[in-house]
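Quick note, the sequences are listed as chains Z and R, same order.
Numbering-wise (this note's numbering), the first sequence opens with residue 1 and increments by one.
Numbering-wise (this note's numbering), the second sequence opens with residue 1 and increments by one.
Heads up, some of the hints might be wrong.
With the Cβ distance kept under 7 Å, some of the chain R side facing chain Z (calculated, not the full set) [said to hold, decoys possible]:
| hint | residue |
| --- | --- |
| 1 | D233 |
| 2 | K236 |
| 3 | T241 |
| 4 | A243 |
| 5 | V274 |
| 6 | D277 |
To be clear, the hints were calculated from the coordinates, so they are not data collected in a lab.
Ideal placement from N, C-alpha and C gives every residue a C-beta, glycine not left out.
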Amino acid sequence: MRRLTSILALFVGGWIATAVSSVEIRAGQAQRTPATTPSSPQALVDQYCITCHNQRLRTAGLALDTLDPAHPSANPEVWERVIGKLRAQSMPPPGRPRPDAATYRTIATTIEREIDQGWAAHPKPGRIGAVHRLNRTEYTNVVHDLFALDLDVRPLLPGDETADGSFDNLADALSISTAHLERYLSVARQVTRTATGLPPTSPRIETFDIPIHVLQDDRQSEDLPFGSRGGIAIPYNFPVQGEYLVKVRLQRQYQDYLKGMGWPQQLDVRLDGKLVKRFTVGGDAKGRPAALSYAGDGEPGFAGDPEWEKYMQLTGDVGLEVRVTPDAGPHVVGVSFVRELWEPEGLPHPPQRGRTIANDNVYMGYANVGAVQIGGPYKAAGTVQDTPSRRAIFVCQPRSQSDEHACATTILSKIARRAYRRPVTKAEVQGLLEFFDQGRQDGHNFDAGVQLALERVLVDPDFLLRVYRDQSAAKADAYRLSDLEVASRLSFFLWSSVPDDHLLDLAEGKQLARPAALEREVRRMLADPRATRALVDGFAAQWLNLRRVSEVVVDPDRYPTYDESLLQAFERETELFIASNLREDRSVVELLNANYTFVNERLARHYGIPGIYGSRFRRVALPNPEQRGGLLAHGSVLATTSYPDRTSPVLRGKFLLNNILGLPSPPPPPGVDTNLAEVKPNVTPPTIRERLAQHRTNPSCASCHSVIDPLGFALEHYDAIGAWRTSDESGRPVDAAASTLSGAQIDGLAGLRGLLLAEPEQFPRTVTEKLMAYALGRRLEYYDRPAVRAIVRDAAASDYRWSALIAGIVKSPPFLMRGDEQ
Amino acid sequence: MTFLTGKSLPRRTVLRGLGASLSLPLLDAMLPAFASRAHAATTRAHRFLAFYVPNGMAMEYWTPKGEGRDFQLSPILEPLAPFRNQMLVLSGINASWNYIHAGASGSFLTGTTRGGRNEVEILADVSMDQLLARHFANETQVASLELSMDAPANAGACTGILSCAYTHTISWRSATQPLPMEYNPRAVFERLFGDSGSTGRAEREARLHQQKSLLDSVNAKLAKLRQELGVQDQAKVEQYTEAVRDIERRIQRAEQQSNVELPTLEQPQGVPPVFEDHLALMFDLQLLAFQSDLTRVITFMIGKEQSARPYPQIGVPEAHHPLSHHNDVAEIIARLSQINRYHTELFSKQLAKLRATPDGDGSLLDHMTIMYGSGISNSTRHSGQNLPLMLIGGGAGRLDGGRHLKYTDKPSIANLLVTLMDKLDVPVEKIGGSTGKLPLDSLAGV
């Protein structure tokens, strides 16, 4: 007799959250194969579930013996949990008799069908919170759409609350605090002053640093010339016409010595690609250099001659500044070196992290740009210039002072309509005009009046909050959202921003109620480049944890080839990959099995793809499909699911389960020590697989980990930074074969892909679920599952293309309707 | 939008750039809300400043001769003679964590006994200033300021194989969260005074007036919105309303105080190229922040640990850090002492300003405790023994100055930190690896 004291962890579905009880498992029953294959839900429940889940034991709070499996729609909440277990094949627990894979699927489908029929007759759309605050990304996009202004306000606003693997646009999570309002007041002022072209209160100097681990041995940007090396291209909004100072600081190593000063190099400063000035740096150090190391005796100290020290620390990059006189508005300031076509003789020291840059590289290596400062405006021209923002705002100009109110009314009504996402009332315009008058009086001109009124628009609750007002006439338990509410929902879903005039016109004309019109609008909006941008940056980046790529830390001793440029390439690869998949409206299944990806030279080298040169990303057909192809072999995914010093089959398995298979896994039960046994020194280290074997022997671990770990093992050919490997951390050959709980054998990437795509609907369903939560701004509940299934079923005919999934979501009751207050 | 096309610029670079440019003011131009003026009037506000000097000290030129009240100022301390009666020189205290240069700054205010083992493991303990900051968070607008004369390091290892975090800050919000120190006076100004561009009264008042009317009209709209929503849905509108009220209260306080004339300081453009100009701005900002009670806790590094800054202006063109590795050569130690003395000269000027600024029944300096020193003594040996440390200021009546205390039982700096918390009336059990308290008032034999 074996006793399991905690079975909380048995429930991989995560739906069943409470009740810890004890279960007795008769040893003799453990491996017996079932005598008959159950043909109905009732038979399956009787044969496999009811032993534990009955009124007497109520294991995990679940009793199935009193429910009718033939009519699950009477208790959909319970039965959706059961479906989750069946789809994951995670129940019965390991060691107990279980149905075959086909039975799991058939019975799950039968239960689903009955629930879905019930739902179709009486859909329950759920209820989003009445007040939905804009998040930082949305705010930034709106600033762009309202004012034609590229200003990333995200660093200026408090972070948006989000749970791991969730989204930062869930209405209930987004709070409003004093800190928020303070920042909103501040940002509203800064944004509107910049957009209206009011001069800054005083000149300012902005500094753009380049992180030390970003390699600068190649062309850094499409905005820098061919034949350039290193540096940075800075998109910069010059607030007014005037004189500005561009100043370059070179990179220093840890002792503050300038790098690469042993020989002369040419440094260019450009404005919009045009050369402004060429400097020569390096090659002028006089006297005895510093010792290469300060360990040991010998010369007191280790400094070089004072004149050498002075050059290397102070004067070597002094005077790298130039004045520019751009027009107001957006420009690109470029700073880069002229690429040399020769290389110094000798064996170059391999790149190092840590102390970085070995001493021999310090002197004869490349000089790098450390930071660029842009200061100004000095000697502002005083005349207001045409900029994209001013063109967007000042759609009229008053001819005389008596004309000002009329023109201000035109300007403010137009912008407020989009900012509030509805027609504005007369009273509101009147209120804005009062601010216009105050600003006009304080600032002594028309523009200052408009600025203050726009500042007022940006702190309005109707701008910052999406508000759903209950429709008083509604007597049913759910009602259809107004056309204006649908328009907002649609634009925040697809653009992460406010509707444009076209969409508002449709909504005001009550055109969105017609499904055909709605679908046409979805297609129009998807064709707009904003849709790809927003869905990649907002949806995919959070679904796939891309925002965490930059936080990856790596043990530099184990992975000396890691640098920040590689992390940036990881992020970029996945973004470009998803963007092309979306833009070309391909099947989402291709995300897993594509035979192409996007790389630059740095990433191609990392992936073992030959013949790719330069820093530009391009689409390549994969020459090594057994190693690469699809998201699962992307460095971004592999690195964010590793520890600094080793891979983690557990993190990878959990990622696959939650984000690809759509089967949430619960956290480890409380009180369980989740640390693996320490590796003993001076013995051959065990493989990670051997260390994880503890998960199989401990029953409270086994139920989840026997689902999670095998998925992760299949990716063992990729090290902690996603490079292909044939031997693992312990030095032994990689073993990427595993068998799943249900007995399927998988080996490596191909095997894993086969498993994930074995059921054609599985992955599209996951994408739809994630996308729908993002679209609705709330977590999905059991009553949303029929809608998800319906969308996926319908999308099968169009190969699960993005447009089919997205249109399906937009036309679904959860998107178009709102449940009444309970 | 910085997406695909603009992606040439690494995202973090953009953020850093804009962060520096656009500022995160607590509230534009909403100036000294003097949140705790009323409070300050009844109980004297006690401010804390940690002043860090890097690369240890030429100890031969630092340690005073004599003990107790009978001590002679050393060459390095001599510029501080005018403040002798508010000065407590402490000898014999040891660092709690000694690891090349990382331990020096890493343990100075944390009293930690541990550190990371490689470049990416960043570990110490919460620092004393942050314990104070937590305490004062509700009383002042800015809980604490962390300031430096050096740009922060964005990555890499600076000392041995350990992260640059250790040498670039002395302030730790938690055991794993080193706080970056701000070196740009413009950013500090914006943090304190918003973006009105000046501490001048007219500018402040104009902006306050605008903000008040903005909030008034928002308030009206919120009231209407509340009526339109069901009871269940009102919670978030309540949050919003509460936030508006909160800021209105602060504006009210600021208005009541706007007749207080502050020394007018125009917003600095950025980091001045000359060290002394830069330092003067950083000093002025500290003075203003204390004077207006915007904060009571400041940490300041006149140089990051292991700083290589040369001082040609005083005839020492060698880089500071290599110079501090003097191999006990007398002539080099003498040159190093010139840098150490230059620092106390500069510090002395700031002390004079603090003393000249009235505060309650005395001066700002009377109501301050300043901890001055380094977390390493002899840089050549990377020694953490017998640290160069002193306390300066009236300590709001809690510090008995004019003495040189010598500890013979090698107490840890962590014990000094715990003792200072007592003096600042925010007693704590433990800081880092502290084992007890330090007798400051009644040291045997003094």
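Hint by hint, here is what the structure shows:
{"no.": "1", "hint": "D233", "result": "3 Å, holds"}
{"no.": "2", "hint": "K236", "result": "4 Å, holds"}
{"no.": "3", "hint": "T241", "result": "9 Å, violated"}
{"no.": "4", "hint": "A243", "result": "4 Å, holds"}
{"no.": "5", "hint": "V274", "result": "12 Å, violated"}
{"no.": "6", "hint": "D277", "result": "14 Å, violated"}
Violation of the numbered hints given earlier is confined to hints 3, 5 and 6; the remaining hints are satisfied by the structure.
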